[in-house]
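Novice: Now for the letters of each chain:
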Amino acid sequence: MKVTQRVRRILAHYESDNPGTKANLARILMQGKLAGTGKLVILPVDQGFEHGPARSFAPNPAAYDPHYHFQLAVDAGLSAYAAPLGMIEAGADAFAGAIPTILKVNSANSLSTNKDQAVHGSVKDALRLGCAAIGFTIYPGSEDQYEMMEEIRALAEEAKSSGLAVVMWSYPRGGKLTREGETAIDVTAYAAHMACLLGAHIVKVKPPTAHLFDDNAKKTYESQKIPIATLADRIRHVVQSCFDGRRLVVFSGGEAKDLAGILGEVREIYAGGASGSIIGRNTFQRPRDEALAMLDAIIQIYQGKAQAGARERELAAAK
Amino acid sequence: MKVTQRVRRILAHYESDNPGTKANLARILMQGKLAGTGKLVILPVDQGFEHGPARSFAPNPAAYDPHYHFQLAVDAGLSAYAAPLGMIEAGADAFAGAIPTILKVNSANSLSTNKDQAVHGSVKDALRLGCAAIGFTIYPGSEDQYEMMEEIRALAEEAKSSGLAVVMWSYPRGGKLTREGETAIDVTAYAAHMACLLGAHIVKVKPPTAHLFDDNAKKTYESQKIPIATLADRIRHVVQSCFDGRRLVVFSGGEAKDLAGILGEVREIYAGGASGSIIGRNTFQRPRDEALAMLDAIIQIYQGKAQAGARERELAAAK
Amino acid sequence: MKVTQRVRRILAHYESDNPGTKANLARILMQGKLAGTGKLVILPVDQGFEHGPARSFAPNPAAYDPHYHFQLAVDAGLSAYAAPLGMIEAGADAFAGAIPTILKVNSANSLSTNKDQAVHGSVKDALRLGCAAIGFTIYPGSEDQYEMMEEIRALAEEAKSSGLAVVMWSYPRGGKLTREGETAIDVTAYAAHMACLLGAHIVKVKPPTAHLFDDNAKKTYESQKIPIATLADRIRHVVQSCFDGRRLVVFSGGEAKDLAGILGEVREIYAGGASGSIIGRNTFQRPRDEALAMLDAIIQIYQGKAQAGARERELAAAK
Amino acid sequence: MKVTQRVRRILAHYESDNPGTKANLARILMQGKLAGTGKLVILPVDQGFEHGPARSFAPNPAAYDPHYHFQLAVDAGLSAYAAPLGMIEAGADAFAGAIPTILKVNSANSLSTNKDQAVHGSVKDALRLGCAAIGFTIYPGSEDQYEMMEEIRALAEEAKSSGLAVVMWSYPRGGKLTREGETAIDVTAYAAHMACLLGAHIVKVKPPTAHLFDDNAKKTYESQKIPIATLADRIRHVVQSCFDGRRLVVFSGGEAKDLAGILGEVREIYAGGASGSIIGRNTFQRPRDEALAMLDAIIQIYQGKAQAGARERELAAAK
Amino acid sequence: MKVTQRVRRILAHYESDNPGTKANLARILMQGKLAGTGKLVILPVDQGFEHGPARSFAPNPAAYDPHYHFQLAVDAGLSAYAAPLGMIEAGADAFAGAIPTILKVNSANSLSTNKDQAVHGSVKDALRLGCAAIGFTIYPGSEDQYEMMEEIRALAEEAKSSGLAVVMWSYPRGGKLTREGETAIDVTAYAAHMACLLGAHIVKVKPPTAHLFDDNAKKTYESQKIPIATLADRIRHVVQSCFDGRRLVVFSGGEAKDLAGILGEVREIYAGGASGSIIGRNTFQRPRDEALAMLDAIIQIYQGKAQAGARERELAAAK
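Listed in order, the protein sequences are those of chains Z, E, V, B and U. Quick note on the numbering used here: the first sequence kicks off at 6 and runs consecutively. Quick note on the numbering used here: the second sequence kicks off at 6 and runs consecutively. Quick note on the numbering used here: the third sequence kicks off at 6 and runs consecutively. Quick note on the numbering used here: the fourth sequence kicks off at 6 and runs consecutively. Quick note on the numbering used here: the fifth sequence kicks off at 6 and runs consecutively.
Quick caveat, the hints were computed from the structure, so don't treat them as lab data. Be a bit skeptical, because a hint or two may be false.
The list cannot tell twin chains apart, which means a pair is met if one copy fits it or any two copies do.
Calculated lysine-lysine pairs in the DSS-like style (CA-CA distance at most 25 Å, straight line) [stated by the list, open to error]:
(1) LYS211 x LYS262
(2) LYS262 x LYS310
(3) LYS211 x LYS230
(4) LYS262 x LYS129
(5) LYS181 x LYS223
(6) LYS224 x LYS181
(7) LYS181 x LYS120
(8) LYS181 x LYS211
(9) LYS262 x LYS230
(10) LYS38 x LYS211
(11) LYS7 x LYS310
(12) LYS224 x LYS262
In isolation and in its complexed conformation, chain Z is listed as follows (with noise of 0.2 Å):
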């Protein structure tokens, strides 16, 4: 399939990026049914490190097994699959140019006491498993996001040079942040910029919360008015901080379990005018004939199809 003007477009935002970089972005962003849209929904499978085996796949034991994941993110139709080493180690060569892959380099666990995360994958690693990204995860707010910054400098310097694209999951957390600080808006919209300033290509953030966390955003986001009430309103205000649009944000799935809660959530998501949803859990703890609906669904919102609701219409023409 030839790249569309659309996704040129987008990769000439990455202008000081080497065509080995932008190859792989076109790579997840001409791959499956949003090929050539610009839009973009990745399956995201370290929620076994983050919360260990049964709380991840008992639910849908098939899920258990590496392949399962690879093999659902293709017959979906999805842009690109992201897990950590063993998993990418386990499906690599089987599943070899069928999919894009993001190798996960860092990822925490609930054992743990800090809020940090051990870097267990390399840019070595990506190149001879045939990754079309890196992924890294930074803690802004934690005691040890500045050495989680300095580890993904390390790491997206070499990753770029090399030709790989990176994939930041910015996840605010620790310090003196307050459970419902982390989703806040003004810290959503602060973390996804921090990781474009960082340096990311594709960044990865929660769908952010009415609530304003920090007392001083609190008087700018009111004094200028800048519009939070639904949740495309916060998405939209996500995107501009994610260098006016100039960078690739997608959204995870959040708390919401039920599909028509979801479906919801990704519609607004759409509407804020946001990349593309990354959804795991809630793809993989269902079973698959379920989960294949679902990410069809929200694919179809994602394609701007009509039957995805009057919602993101309404929205989509207001704005």
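Fit chains E, V, B and U to the given chain Z structure using the hints.
Specialist: For chains E, V, B and U alone, coordinates are given in the frame of chain Z:
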């Protein structure tokens, strides 16, 4: 001896590994009395580092001599012998080619005040000593867990590119873990899963108890009705947590001391579908004849021989 | 598009390669109109280096522009585009993600007095430019052949560890070889075999003649009654010489200049079981419309389509 | 434009630096409306990192776009543009050669609980992005100050050997420093002096107050009758503290928000003999026209033009 | 001065280069009297290396002083100054920032018995000396040509990753080339094309004669009716051979010695669409006033000024 179909199927699971690493896994799987069965029994002798020489070897003073352990592993028809640098150096020439060795590259000692280990061996050491693999311990949950994971990341990358296999001892401890939690089934399955995610070829964990440590995990185990009543159930769950059986997982001997207890436990481990046992102290602290007899009994269990006992035939049949 | 079974069987032949290299082979085999068929047609544009710009591009001056070739390869639905550093640099960004590229890392020129080539590209170049493979020419028989083989050894080692594929142009010349000997069937099969032995993933040779250059070889060909009467016979022998079909082997267009001659030759190459064609001069020296029509006819032959001609159906049937 | 005698005299002060570093200093000093005067005005945009996107850019939403700042710096005829990695990456190609850039290689954020910064850029980044200098913040007084100084030591060593200049933001904070002490004249002069001692080519500090923080310093200031009554006096003292004027020292805009306040402060800074201003928030938070007008007024002050006001003519005359 | 649209279009041709390299190309293209026109005149002073000091500088003894050449290039408003290591070292500080410099990193001398050059400068040298580019000579056709190409490969890779530009002098000689063949149009176009293929940003060749050296090439030139009658025709053909104008190509002054001859040649070069001239001996061997007048006349030609014709007639008459 030709590599059996069973072993070739196991090797095929290591799909991203180079033939050098697969050949070293094959050397272990085609060694000794269990050659070709897909099962393995490993002799580890890192007790001296962990608890000091007297506590380790005084019960059977012949074991002060490093050659003793090489010879025992060979005579018992085991699959591999694992030990720290000095122990391997002291016998690697005399036993060159006699048995696959695993260079344990980090160790703790009982004088330590923190939950960490010293990295005292290298991939270059493993190559010059003719080892088939490096071995490494991580302590999931410890304050130093992320640093340990970063150490094995670098070592594993080098080992794999040099055609060596990587064995990970995954022993939860430290941090918020209680003593009971260290061997809880949820924690053990999690620890085994993380070793797989970190890229281990062979995982070693302790036989788990039916205890559930983490409250969130507990909810999942109960709501999903994950069977954990018998040891065999729990082993099966750990095997599943190791990429649904795509990674070899072996179990240590636990706390049991008498022969019946050991064999009973091994029967459960076998019934649960584990890849084998790694059994140190219970071996070399016994007089040589007794040790050889015990190891032969264990091996017979893994060979699935009739005389191994009624219990595991039942369990195997029920599987 | 999902990786086809046919392509997966081909990838399985590259059994010691890491998933990165296989993914890059898959990118080539899943590109363009021949995607998934296991056949490939590559556009190589190193003529400018070998014979100078006027001899290469004057017949079709649009071809002086490097973008012309990228666009032609994309529009014709080819499998890959191969060229030296400067040509790739001049279009790699505009065509990022549009077609797999092969960085030709060495070249000769017609001013040279010896049978050698300059290495003018690197694996780092290939990575930053997003190439799927490096390409390298060896001159079996030349006084410099061993040095050339040593150069590709180092480059191939680095390429393979970085997840790139290696394409080798194996062109016998120099030393005691006569002009006629350069394309003799014994010499061509030998040259193709040596490229395989040197670790090539894809081999490029010229269509061999029925001439037998080496007296000792001649005895074998005659005593063993190796069929070399038709071009299809000879192609079949070369394919066999490439590890009995375990390596992809493509053939250049030879000296033929008129369309009927080219297509007739391609039909024989197809009938002989070759993996495909690599066709440069005959492509870009034609007006673009004619080139596209010719490439389409060639691709139809490799697609095994009925209209491709009676001759190769007969040959394929006889096979 | 030829390098002026004034600029050559300034460059001569950097007598141990190589011509590459001097050429980059010259690029900054020969750029824009102040070219050749020995004065400089720099646009820094690290506010987004320090305070988040909304607090930085909501007052003037066009400023969410990284290109906005490059264009503003060019159109206003400024000397250089300083920003963190992502901001430079997002415009370095579009504005290649348009204005000298300073890669700010470390940053703090307002979610942090400690007085440190993350190093998120490298000298290699600065070279590939065509920057004239790296910028680095130290926090004299902070618990992490020595580590920060050690970081800049390594970066500055590499930058200088690569022909780049080093700009240091020296912002006292943390440790025993009071809020008032952070901008006290003794502390500011001390901070500027330390940046010079650490090898900075250009020092940035805040306009100091007449407060004296340190009791021992206070005795000296009083006994030696160091004039610190007016801002111009204090600026003169800071300039003197920067190797008696052998190092360029620029002042940030402080807290002032209204135009009269800003220009009045700049007049004092100019009168005190400073090398120039570095003015971020006050610039890009204004509508573009107002920002351009303000910057033009500031530049006129540094050009010593008559219309810039009576006050600094008096001060300059008194000097 | 703002980067002009014309220059930005030229920079866009270097699509795989990083912003650092583009900024250095922009520095050259935005320097001196031709700033912004897309044309450039470079002063090269490597004559001393090539022919010795007396043959180079005795006609104008002021030229023994390295500062003389820097000053001449600045005063004449040239685009860049190119010289070997020592010459640059001797003036880089005094002229820091005054003019872009090109470090000529290899040189031959007339005492040599082979057609090769010594590599006597490095990318690190270029960075510490503040150069915008490295310069390198290749001798296509020489017995050592491939080694020279391999040297520039490594140097260019390092230069490009460090944000420097690469200028290649492509001078056919040696091997089977006749003296007349060295400047034959087919050989010159070939040499320019090879420099582009090797990754040069700026190519320097000699003005070609109408001679055709290679018999095969001759057939093409004749059958394709490539116009080569006038120098402008031939220049146009060389420009086309440089990726159809996507690479900057400049021409040396050739053998002409009198002013009318030089200017006449430059007019043809300009008429043929070349990017500019690189003119050494003819410059610095003249008295400074005459050199400045001549360079001004040349620059006026590249500025496309109507009066350029009359002006040099006067100068020539006055001489």
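Novice: Checking LYS181 and LYS211: alpha-carbon separation at most 25 Å within a copy, between copies, both or neither?
Specialist: For LYS181 and LYS211, only the intra-copy Cα distance (19 Å) is at most 25 Å; the inter-copy one is 27 Å.
Novice: Quick one: LYS224 to LYS181, C-alpha cut-off 25 Å, is that within a copy, between copies, both, or neither?
Specialist: Within one copy, since 19 Å is at most 25 Å while 30 Å is not.
Novice: Up to 25 Å between alpha-carbons, please classify LYS211 paired with LYS262: within, between, both or neither.
Specialist: within (15 Å within a copy, 35 Å between copies)
Novice: Could you place LYS211 and LYS230 in one of the four classes (within, between, both, neither) given a Cα distance threshold of 25 Å?
Specialist: within (22 Å within a copy, 31 Å between copies)
Novice: Indicate which option fits the pair LYS224, LYS262 if close means a Cα-Cα distance not exceeding 25 Å: within, between, both or neither.
Specialist: Result: close only across copies, 16 Å inter versus 33 Å intra.
Novice: Give the relationship of LYS181 and LYS120 under a CA distance limit of 25 Å: within one copy only, between copies only, both, or neither.
Specialist: both (12 Å within a copy, 14 Å between copies)
Novice: With identical chains treated as interchangeable, where does the CA-CA distance between LYS262 and LYS230 reach 25 Å or less: within a copy, between copies, both, or neither?
Specialist: between (32 Å within a copy, 20 Å between copies)
Novice: How would you classify LYS181 and LYS223 at a CA-CA limit of 25 Å: within, between, both, or neither?
Specialist: Within one copy only: 16 Å inside a chain, 30 Å across chains, cut-off 25 Å.
Novice: If the cut is 25 Å between Cα atoms, do LYS7 and LYS310 qualify within a copy, between copies, both or neither?
Specialist: Answer is both: 22 Å inside a copy and 24 Å across each meet the 25 Å cutoff.
Novice: If the cutoff is 25 Å on CA atoms, where do LYS38 and LYS211 land: within, between, both or neither? Let me know, please.
Specialist: Within. Shortest intra-copy distance 23 Å satisfies the 25 Å Cα cut-off; inter-copy 40 Å does not.
Novice: Give the relationship of LYS262 and LYS310 under a CA distance limit of 25 Å: within one copy only, between copies only, both, or neither.
Specialist: For LYS262 and LYS310, only the intra-copy Cα distance (23 Å) is at most 25 Å; the inter-copy one is 49 Å.
Novice: If the cut is 25 Å between Cα atoms, do LYS262 and LYS129 qualify within a copy, between copies, both or neither?
Specialist: Answer is neither: 37 Å inside a copy and 45 Å across each miss the 25 Å cutoff.
Checked against the numbered hints above, the structure breaks only hint 4 and satisfies the rest.
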